[in-house]
Structures are given as structure tokens and as C-alpha cells.
Amino acid sequence: MSEERAQTAATTASTPAGGAFEPYLVFKQMEHRGPMESEYTVLAPNAEMALAMAQENFMRRQEAPYNLMVVRERDIVRLPEELRQALVRTMPRDYRSVPAYAHVARRWQELKLATGDDAPAPRR
Amino acid sequence: MRSVFDLPVEVDREDPRYQAFLDRIDRGEKIEADDWMPMDYRMQLVKLIAMHGISEIMGAFPEKEWVPRTPTLRRKLSLMAKVQDEVGHGQLLIRVAEDLIRPLGFTRDDLFNDLFAGRLKFHNVFHMPALNFADAALIGWLVDGAAIVTQRMLAQTSYAPYARALRRILAEERFHAFHGEDMAQTLAQGTPEQKAMLQDALNRWWDALLMFFGPPEHAGIKSNQDINIRYRIRSKTNEELRQEWLDKYVPQIRALGLQVPDETLHYDQAQGRWVYRHPDYSYLKNVIARNQGPRSQARLALRRAAFFDHAWVHEALAAQPLAAAGD
Ligand SMILES: [Fe+2]
Ligand SMILES: [Fe+2]
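Sequence lines, in order, name chains F and E. The first sequence begins at 1 in the numbering used here and counts up by one. The second sequence begins at 1 in the numbering used here and counts up by one.
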């Protein structure tokens with residue numbers, strides 16, 4: 001978060017309860033087990049109102065989500081830009097990945113041919 | 001000490017919400033943490049998911065013992081990564097269990113107390129000793145293999161938060177299976193002594209592996225299979241899962257030139273199933289469930305030590321809350 005944004009958030013946070021409208025992020029979920037997608041923001045005095053406003057926005061459309069979620073923006077903590085480079089992998093992690101073990105599947109095939117495997121066809 | 005497992009499990013089947021709940025289950029809908037659910041559904045989930053989560057952590061103990069003694073850097077990295085994953089699975093699952101018991105006024109601390117008090121069980125295979133490196137290989141190969149068969153079925157469960165966690169877990173388990181198979185193949189194709197080690201490990205682990213899936217339906221042992229199937233928490237019986245595991249692993253065991261320590265084991269083409277000697281399932285109830293298995297108490301002691309010796313980390317973190325961005 002930039003200095004300026006952090007400052008704004010801090011100011012909002014210190015506003016006494018009652019009367020302070022704050023931005024809320026609205027997420028929609030199109031089907032159960034589907035992802036929560038960030039959609040737009042609303043300015044609301046509390047979470048209940050934010051949810052009502054989010055719902056209102058959707059009620060005007062044909063699109064019918066399965067569920068909605070709101071999160072007060074200042075409750076979201078993001079990685080600041082300068083720290084995002086820590087997400088870039090520099091050490092190889094291939095030993096954790098399936099393709100790194102392709103030789104295992106190959107060896108099963110060779111071994112099973114050699115022993116004349118009479119196993120049942122896999123069910124499922 | 002109070003325990004969530006001591007709560008009365010009362011279900012009012014006349015409650016209109018109960019019928020609505022059953023209808024949702026029958027329609028194949030998924031239940032979320034904040035949806036209404038009958039108490040027996042909730043408690044079956046708590047038992048299952050808490051046991052699963054705790055077992056992931058208890059399973060990391062016998063495996064991590066072998067990290068320092070694992071040959072080659074690559075294999076060491078691989079085993080370390082797997083142990084990390086297992087502890088991560090424990091964390092995901094305990095969170096799911098915790099959300100189920102919170103409305104009842106319980107927390108994860110209560111679950112750990114239940115573990116120490118012997119009220120919360122962990123899987124039978126993690127009560128077993130890991131004597132040598134072949135045991136570490138066998139755990140990755142056959143124990144993870146058994147877990148994957150069970151988890152693949154449970155990923156279809158009616159409880160959505162559990163299904164989501166399992167989806168993530170299964171993606172990681174794919175590497176665990178290969179990691180274990182790689183070690184098993186290497187030992188079996190190594191020196192005669194290495195191959196003999198693996199055979200010896202198989203002999204010692206065979207009964208525990210079969211027991212992992214629990215008693216078959218008509219073994220006269222009370223189980224929760226029926227209610228779990230009614231609520232679509234699970235979709236297959238213990239025996240169906242055991243058969244699936246045999247389908248995959250008996251051919252692998254044979255391909256490695258190893259012997260299953262059961263001369264009666266064979267595939268019955270007419271019945272379309274494996275015929276084999278059942279282990280003594282009463283061992284699960286009389287020994288494992290009482291934490292009287294070969295390593296039960298030692299593993300619980302490790303868990304206790306991990307919990308209490310590192311309590312200062314929790315306390316230090318709690319005493320110094322990190323300033324959230326924007327504060
Ligand atoms: Fe796991
Ligand atoms: Fe695993």
C-alpha cells in the first residue's frame with residue numbers, strides 16, 4: 001500500500017463509529033464451489049448495508065449469482081509492490097512437481113511388461 | 001476436561017429444516033459452514049475431519065525422522081517437501097474442523113486436548129514404527145497410496161469446505177505418490193539387501209495397510225459408514241476403497257518382484273474382486289483406538305513436546321501483533 005493510501009486508510013480507521021462511509025469490495029460467486037470474484041466496490045456505512053447495496057446492484061440484472069460477499073477495503077492487506085518480487089521463484093522446485101517423476105511411470109510400464117502383469121482392468 | 005465429543009447428538013427429525021436438509025443432500029447440493037445442518041451431520045464431520053487433520057500431523061513424525069538420513073540431496077529435498085505438505089494438510093483440515101465446532105463453543109485447543117486425552121484418534125498406520133529407510137519409502141508409496149484412494153472419494157463429499165481442502169490436498173498428493181514409488185522402485189531394483197529391506201517392510205506393514213480402510217460392512221464392528229453414506233459425506237464403503245487400493249498396488253508390488261505376505265490373495269475374475277485374508281480388525285478397536293499400538297505413546301509424546309516446547313513462539317507472536325498495513 002502506498003504511503004498516501006496507508007494515510008487515507010489510517011484516517012478513515014480513526015473516524016469515530018457512526019457516520020463514516022467506507023469502501024467495501026464486492027465479490028460474486030456464480031456457483032457453489034466456484035471462485036469468489038472481485039467485482040466492484042461500494043461505499044457503505046457498515047457491512048450489512050454494503051451487502052444490501054451489492055445485492056441491489058445484481059437484482060437489477062439477469063445475471064444471478066449463487067452468493068455474494070463483501071469485505072471492508074481497509075481489512076484487506078496486500079503485498080506492497082516492492083515485496084512482490086519475493087513471489088518469484090529463483091530456486092528450482094521441480095522435485096515437487098509431477099513431470100519431474102516421469103521416469104517413475106515409465107519404469108512401471110517396463111516392469112509390468114517384464115512380469116506379464118495379469119491385473120484386472122482398473123475400475124472406477 | 002470438556003470435550004466436543006461429549007455433547008449430546010440430538011436430531012429432531014420432525015424439524016422442517018431437517019427434511020429440507022435431506023432434500024438438499026439428495027439433490028447433490030453442497031453444504032457450507034454457515035448453512036443449517038443437523039447435529040449428527042456436524043458431529044460425523046468433526047470426527048472425520050479432525051481425525052484426518054490430526055493424522056496428517058501425526059504422520060509427519062515417523063517420516064521426518066528419516067529426512068536427515070535420506071540418501072542424496074534430491075531425495076532429501078523431495079522427502080522434506082512432502083513432510084512440509086503433510087503438515088500443511090493438517091493445518092487446512094484443522095481449520096475446517098475448527099469452523100464446525102466454533103458454533104458449539106469449542107476451539108482447536110480443545111481438539112488437541114482431545115488428542116492428548118485419547119478421545120480424538122489418529123490413523124492406525126501412524127501408530128507403527130518406521131524402522132529403516134525402506135519404511136520411509138513404503139509410507140510414501142503405499143500409505144500415501146491408501147490415503148489418496150480415500151481422499152479422492154472424499155473430495156466428492158457433501159460438505160463444501162472439506163471438498164475444497166481436499167481438492168488442494170489431492171493436487172499435492174500426486175507428487176507424494178510418485179516420490180514414494182520412485183523410492184520403492186529404486187530399492188527394489190537395487191542390491192539384494194535393499195530389495196530384502198523393502199520386502200521386510202512390506203511384511204511388517206501389510207496388515208496395517210489393509211486395516212487403514214477400516215472393517216468391512218459385515219464384520220460385526222459398529223461403524224459410521226451408513227450415516228456417512230446417507231448424508232453423502234462419503235460415497236463408497238471401506239471394502240470398496242480397499243479393493244481399489246489392491247487394484248492399483250498389488251500389480252505394482254508384483255512388478256517389483258516382491259511377495260504380498262498372504263498366499264491366499266488372488267483376483268477372482270468371476271466376482272470381479274480381490275480375495276484375501278482379512279487382518280484382525282479388532283486390533284483397531286482394542287489397541288489402536290486406546291493408543292496402545294507400538295509407537296502410539298511415543299508419537300503422542302512428540303506431539304505434546306512440539307506443542308508445549310514451542311508454546312513460546314505462539315506467545316511471542318501474540319504479544320507483538322504485527323502492525324497491519326494501513327494502521
Ligand atoms: Fe497428506
Ligand atoms: Fe501425502
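Hints in this document: simulated from the structure, not taken from any laboratory. Since this is a predicted model, take the numbers as computed values, not measurements. Please note: incorrect hints may appear among the correct ones.
Claimed, not checked - Simulated crosslink set (DSS-like; lysine-lysine; CA at most 27 Å straight-line):
1. K47(E) <-> K64(E)
2. K236(E) <-> K195(E)
3. K64(E) <-> K236(E)
4. K112(F) <-> K195(E)
5. K112(F) <-> K248(E)
6. K236(E) <-> K47(E)
Claimed, not checked - Computed, partial: chain F to chain E, Cβ under 10 Å:
7. F21
8. R33
9. N67
10. Q85
11. A86
12. V88
13. A100
14. Y101
15. H103
16. K112
17. L113
Heads up, the beta-carbon is just placed ideally off N, CA and C, and yes, glycines get one too.
Hold the hint about F21(F) up to the distance rule: shortest CB distance to chain E must be less than 10 Å. 17 Å, violated
When you check the alpha-carbon spacing of K112(F) and K248(E), does it fall within 27 Å? Satisfied, since the Cα-Cα distance of roughly 12 Å is no more than 27 Å.
Have a go at the Y101(F) hint: is there a Cβ in chain E nearer than 10 Å to its own Cβ? Holds. Min distance 3 Å.
Proposed proximity, K64(E) with K47(E) (alpha carbon, max 27 Å): Holds, at about 26 Å.
K236(E) and K47(E) were given as a pair; does the straight-line alpha-carbon distance stay at or below 27 Å? The given pair, whose Cα atoms are some 18 Å apart, holds under the 27 Å limit.
May I ask you to test the interface hint for A100(F) with respect to chain E, counting a Cβ-Cβ separation under 10 Å as satisfied? 8 Å, holds
Under 10 Å is the threshold here; is the Cβ of K112(F) close enough to any Cβ of chain E for the hint to stand? Where the cut-off is 10 Å and the nearest Cβ of chain E is about 5 Å from K112(F), the hint holds.
Are V88(F) and chain E close enough, Cβ to Cβ, to be under 10 Å, as the hint says? 19 Å, violated
Closest C-beta approach of N67(F) to chain E relative to 10 Å, hint status: Because about 8 Å separates N67(F) from the closest Cβ in chain E, which is inside the 10 Å limit, the hint holds.
At a threshold of 10 Å, is the proposed contact between R33(F) and chain E supported by beta-carbon distances? 6 Å, holds
Given the hint that K64(E) pairs with K236(E), does the C-alpha gap stay at or below 27 Å? 32 Å, violated
The hint names H103(F) as touching chain E; please verify it with the least Cβ-Cβ distance against 10 Å. Cβ of H103(F) sits 8 Å from chain E, so the hint holds.
Hint compliance for this structure: hints 2, 3, 7, 10, 11, 12 are not met, and every other hint is.
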